[in-house]
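Enquirer: Chains as they are written, first to last, in the working numbering: chain A, 853 to 1030; chain B, 40 to 219; chain C, 1384 to 1926; chain D, 99 to 345.
Among the hints, erroneous ones may be present.
Calculated lysine-lysine pairs in the DSBU-like style (CA-CA distance at most 35 Å, straight line) [as the list claims (entries may be wrong)]:
#, chain 1, residue 1, chain 2, residue 2
1, D, Lys327, D, Lys188
2, C, Lys1799, C, Lys1874
3, A, Lys887, C, Lys1579
4, D, Lys210, D, Lys188
5, C, Lys1874, B, Lys115
6, D, Lys177, C, Lys1739
7, A, Lys887, C, Lys1655
8, D, Lys210, C, Lys1703
9, C, Lys1739, C, Lys1703
10, C, Lys1545, C, Lys1781
11, D, Lys188, C, Lys1703
12, C, Lys1553, A, Lys884
13, C, Lys1579, C, Lys1553
14, D, Lys210, D, Lys177
15, C, Lys1543, C, Lys1426
16, C, Lys1537, C, Lys1703
17, D, Lys327, C, Lys1703
18, C, Lys1874, D, Lys327
19, C, Lys1426, C, Lys1553
20, D, Lys327, B, Lys115
21, C, Lys1553, C, Lys1739
22, C, Lys1537, C, Lys1739
23, C, Lys1703, C, Lys1579
24, A, Lys884, C, Lys1703
25, C, Lys1537, C, Lys1579
26, C, Lys1543, C, Lys1579
27, C, Lys1799, C, Lys1545
28, D, Lys188, C, Lys1781
29, C, Lys1655, C, Lys1781
30, C, Lys1426, C, Lys1545
31, A, Lys884, C, Lys1655
32, A, Lys887, C, Lys1874
33, C, Lys1553, C, Lys1781
34, C, Lys1545, C, Lys1579
Hints listed in this document are in silico derivations from the structure and should not be mistaken for laboratory results.
Chain by chain, the residues:
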Amino acid sequence: MSDTRTRRVAGATDSQQGDHPSGDNRFDLVDKHLKRARYEQDQLIETLHVAQDVFGYLSEDILIYVARALRLPPSMVYGVATFYHLFTFDPPGDHSCTVCTGTACFVKGADDIVQAVSDTYSVPAGETSEDGSLTLKTARCLGSCGLAPVVVFDGNVLGHQDTESTLELVAGAVGGGG
Amino acid sequence: MKQASIATAWLGGCSGCHMSFLDMDEWLFELADVADIVYSPIADVKEFPSDVDATLVEGAVANEDNLELALEIRAKSRLVLSFGDCAVSGNVTAMRNPLGDPQQILQNVYVEAPDRDGLIPNAPGIVPPLLPQVRPLHKVIRVDAFLPGCPPPADRIQAALEALLEGALPPNRGEAIRWG
Amino acid sequence: MAAPIDLHEVMEREREERFRTRWRVKACSSTACLSAGAGATIKAMEDLVERDDMVLEVQVIPTGCMGLCSAGPLIRMMRRGGDEADYRNVTPEAAVEIVRSHVLDEEPVPEYQLDTSMPFFTSQERVVLANGGVINPDRIESYVAHGGYQALEKALTTMKPKAVVEEIRKSGIRGRGGAGYPVASKWSLLAAASGKTKYVVANGDEGDPGAYMDRTIMEDDPHRLIEGIAIAAYATGANQAYIYVRAEYPRAIERLDRAIRVARRNRLLGRKILDTNFDLTVEVRIGAGAFVCGEETALMASIEGRRGTPQLRPPYPTEKGLWGSPTMINNVETLANIAPIISRGGDWFASLGTEKSTGTKVFALAGDITNTGLIEVPMGTTLREIVEDIGGGIPDGKQFKAAQTGGPSGGCIPSKFLDTPVDYDSLRELGSIMGSGGLIVMDEDVQMPDVAKYFMEFSMDESCGKCTPCRVGTVQMHNLLQRLCDGTGSKQDLRDLEHLCSVVRDTSLCGLGQAAPNPVISTLQYFRDEYIALIDQQEVVHA
Amino acid sequence: MRDTRPTVNISFDGVDYEGYVGESVLECARRNGVTIPSLCFLEGLSVWGGCRICVVEVAEGHRLRPACATQVTPDMEIKIETPRLRAYRKSVLELLFAEGNHVCAVCVSNGKCELQDMAVFSGMDHVRYDYQAPRREVDASHPKYVFDPNRCILCTRCVRVCDEIEGAHVWDISYRGEHAELITEMNRPWGDSLSCTWCGKCVAVCPTGSLAYEGRSIGEMEHDPVMIKRLAVARSRGEWLDPEGAI
């Protein structure tokens, strides 16, 4: 998750303008994948992953671009993209806090952590705060059950968290909250 | 022999079911021979009486008065029938449910709509507060039988009453339960 | 075309390398230990070796999961030809102290030492996880040195495909991902299927919250999976394979991609594998966050780039699968068992476990239990042994209440069944399932209706929406459970809930929907009094 | 036209019938005048198998199977009207009614609706479950048709007919589970669609009032799902004017 972010940010700064017909050179990275995938239609999900890595989220323009490139009906592309929970259609916040809500974490009180962050920063789970500073997400098991409850903050996996430690963590990066 | 006692009540609905009830025309005379209508919006009775054999309830449970009357009906009736689609499902009355908070709806309708005077009706004790969600009758009290239809046609109401008078539940198969 | 890898030469070379230094430090670098800080620990040891000029004395080897995740970071000091000492909670400072103490003073550091005579270690039987804490997952040589790819070589050079299937049949192995379908039957079906193109798919869409054995295999022993796939493809006549991995496992995807490249370079994949006439291409396909894609037909839809909705069966995938061609889908843990079965024989495997559930099973122990982590035990080990001996019991002097197996498709097993042997059939009899091997222990504080609601919310979120009972039924069951848990539920709500359990179980299209009521059914069966206690005693809820 | 396919003996609720090899249980029942209720199935389109209304009991093991997607096999004993199946059918139907906003009284299809008829057939006199009352916007942007998602039961007939028969693939389903919803193109108003050919097949096959002609009032909308069968017969057999054989 962390390298996704760095790649995106790097891509965003040095290739915003360029030679790509769309005017946004980040599409070059999508094109590169498409070429490697020989524009096979079954590469739709992989292509959406690449596009999301590059742009941080999937805007309508990106979806249309992918639909055209793979010669797929737009409704099908939209249907596939929205089916899978990892695709997101809004720009992510500056920081991301993902709380694992797998069974082991649930048993150890992950729900309280989600609630606390959600209340403190008035951001519902799965959304980004209004000022764009924090995206709060929940995950269905990160497979680190031995460390439950687990929180991933800006790509760092942190085990044995509780409400207090998580709030402290978020406050350290985002600020006081409220 | 004691006459059977039948009541009809009107909660959150358009009274169309009662219109249909009146459409039973001359059969109403036959009904009067064997049963007393002890409470009804078409009879001037203020208090819901005790020991009613069967009550037909029109309308959904939309406000606090509806709720109060529904509970009273249940407590005082041997059988309760959901009479018409609004009682059975919420129907048109419940079409506000997807819109959420009733206060917001009142705001939109009375305050923000251009052709209104900008006031939400407020008369404590007269205009009953809306419940957060409109609910079918059976979500509020136990209901013994259902008579869908918007409104249920007169012949279906008659068939239901005939069954009740014979000590049976109304027919609930085939066209007898067609909605809409 | 380059010459294929010479397995025996590599083994020799690796043996020499192993004896090069007096000390080897194996450091667990699996995801769990990394989250606990293993990265810094390994870095500290590498710096120490560099700085104190111990290069000829000590080599630091990152390895896969050592199992006891709750005590990470874990390291193991190994002296040439002899003693080993395991350490737990090894901070960078502790690591420096431990390495110095061993190398300079020949003294262990008791403060961090892990007691490997405890049942957590002694009661396990590691087949699938045999390489955990042993090999360096990034080096194919390390895998080969521990017998890797010899089963493939044996199969390709000395066995007919039929004989391979026969060996699998003898082993009695059943699918490790869910229902426990006999693996050999699936293989025979694909082998018998006609068609030029056939596919083998490794199902690494491990979605059960609380299970992470497949991730561990893919991350820590990727070549074992590739070897298993290659043997399966050879036995069934397939030349194209996919590994479908959850996108939530980026490290597994990376490791597998690299392992596939390296295997191809060494002619363990690609054309004319090990100079035989067997060709096989393996590709990784990535999911995007949909539990239902663990279901075979949904998984195939997803590989084809479509919405992951299950399709009607029949036709079964072995008749009509990916792009209409015969396809066989095996779980990752199943495939990780294949190489040992071929190397050591089906009879050996069948001698492990019970008569109808052979071999071992990996469990992810989590929840209210002292030792959390990945364990592997022979099938038929009792729950009590797993919970009390291996797991070290319930912490804080609390009482065991239930063990949840099978995730959202499984059930909760109460304490009176602690002596049940854990195998496919016994768990099913208790209203649960083996599933992929998540085992969550719950103590007396856990309210079972809450647990049922938790799993129902999971199934509701993960329902694909294709069929009515699952799409709407899970929402309605969740509503009812919510009311019951809030203390506003009625007797009628409980009746409706039970009825919906049957409706959704019997009429849903795929396994997700059919199994979604299981957590409710099993908690109602064993903990009904908890539901009753929550019921608002009025017959109907008031607004 | 005489059928020369090999036959198998089967039974519906204990009565013997003859089925053709390769025929589905549902087709076989229809051909023999036996009623198996169904919703998402439509002759002429691919089988979806999602509504689960047509599940029947097949003797071995009493497992339930969708009649639309199960082929007849020799000596198959099929049960349709068992107490369990009646109860399940009603429950599934109640779930559908609870899910959307089905208000028969104000619906264009009132009196001519497959869902409403199914309620009558199944004896559904009320819905036990909580109405979910989702908030869904009506799409009236198309000049000729109206899409009211409140009445949609996600049978996907429109998706299939548009993709398989018309070849336009304007429709698809977005999101999943309880959030699944029909969309046109990139979830833009239907009227903005470039791929829609205005052929009206999606409207013709809709089992409820979800897709209707513009300007229809309560109870005025009549669908024509059999059109697809007629079209299939015309295209495959070249019989354009033989509604009897087709229906």
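Enquirer: Within 35 Å, alpha carbon to alpha carbon, are lysine 887 of chain A and lysine 1579 of chain C?
Expert: holds (27 Å)
Enquirer: So if I understand the rule, the pair passes when the alpha-carbon distance is 35 Å or less; does lysine 1655 of chain C with lysine 1781 of chain C pass?
Expert: Distance ~59 Å between lysine 1655 of chain C and lysine 1781 of chain C Cα, so the pair is violated.
Enquirer: Given the hint that lysine 1545 of chain C pairs with lysine 1781 of chain C, test it: the Cα-Cα distance must not exceed 35 Å.
Expert: With Cα atoms ~53 Å apart, lysine 1545 of chain C and lysine 1781 of chain C exceed 35 Å; violated.
Enquirer: Would you check the hint for lysine 884 of chain A and lysine 1703 of chain C, treating anything up to 35 Å between C-alpha atoms as holding?
Expert: holds (33 Å)
Enquirer: For a C-alpha distance cap of 35 Å, please report whether lysine 1579 of chain C and lysine 1553 of chain C respect it.
Expert: With a Cα-Cα distance of about 28 Å, the restraint between lysine 1579 of chain C and lysine 1553 of chain C holds, given a limit of 35 Å.
Enquirer: For the pair supplied as a hint, lysine 210 of chain D and lysine 1703 of chain C, confirm whether the alpha-carbon distance does not exceed 35 Å.
Expert: Since the Cα atoms of lysine 210 of chain D and lysine 1703 of chain C sit roughly 39 Å apart, the hinted pair is violated (cutoff 35 Å).
Enquirer: Lysine 1799 of chain C and lysine 1545 of chain C were given as a pair; does the straight-line alpha-carbon distance stay at or below 35 Å?
Expert: Violated. Lysine 1799 of chain C to lysine 1545 of chain C sits at ~45 Å, over the 35 Å cutoff.
Enquirer: Between lysine 887 of chain A and lysine 1655 of chain C, does the CA-CA distance stay at or below 35 Å?
Expert: holds (27 Å)
Enquirer: Would the hint linking lysine 1799 of chain C and lysine 1874 of chain C be met if the CA-CA limit is 35 Å?
Expert: It holds: about 27 Å lies between the C-alpha atoms, which stays within 35 Å.
Enquirer: If you draw a straight line from the CA of lysine 1739 of chain C to the CA of lysine 1703 of chain C, is it 35 Å or shorter?
Expert: holds (29 Å)
Enquirer: Taking 35 Å as the top limit, are the C-alpha atoms of lysine 1553 of chain C and lysine 1781 of chain C close enough?
Expert: violated (44 Å)
Enquirer: Could you grab the alpha-carbon distance between lysine 1545 of chain C and lysine 1579 of chain C and see if it respects the 35 Å cut-off?
Expert: This hinted pair holds, its Cα atoms lying about 18 Å apart.
Hint violations for this structure: numbers 8, 10, 12, 15, 18, 19, 20, 27, 28, 29, 30, 32, 33, all remaining hints satisfied.
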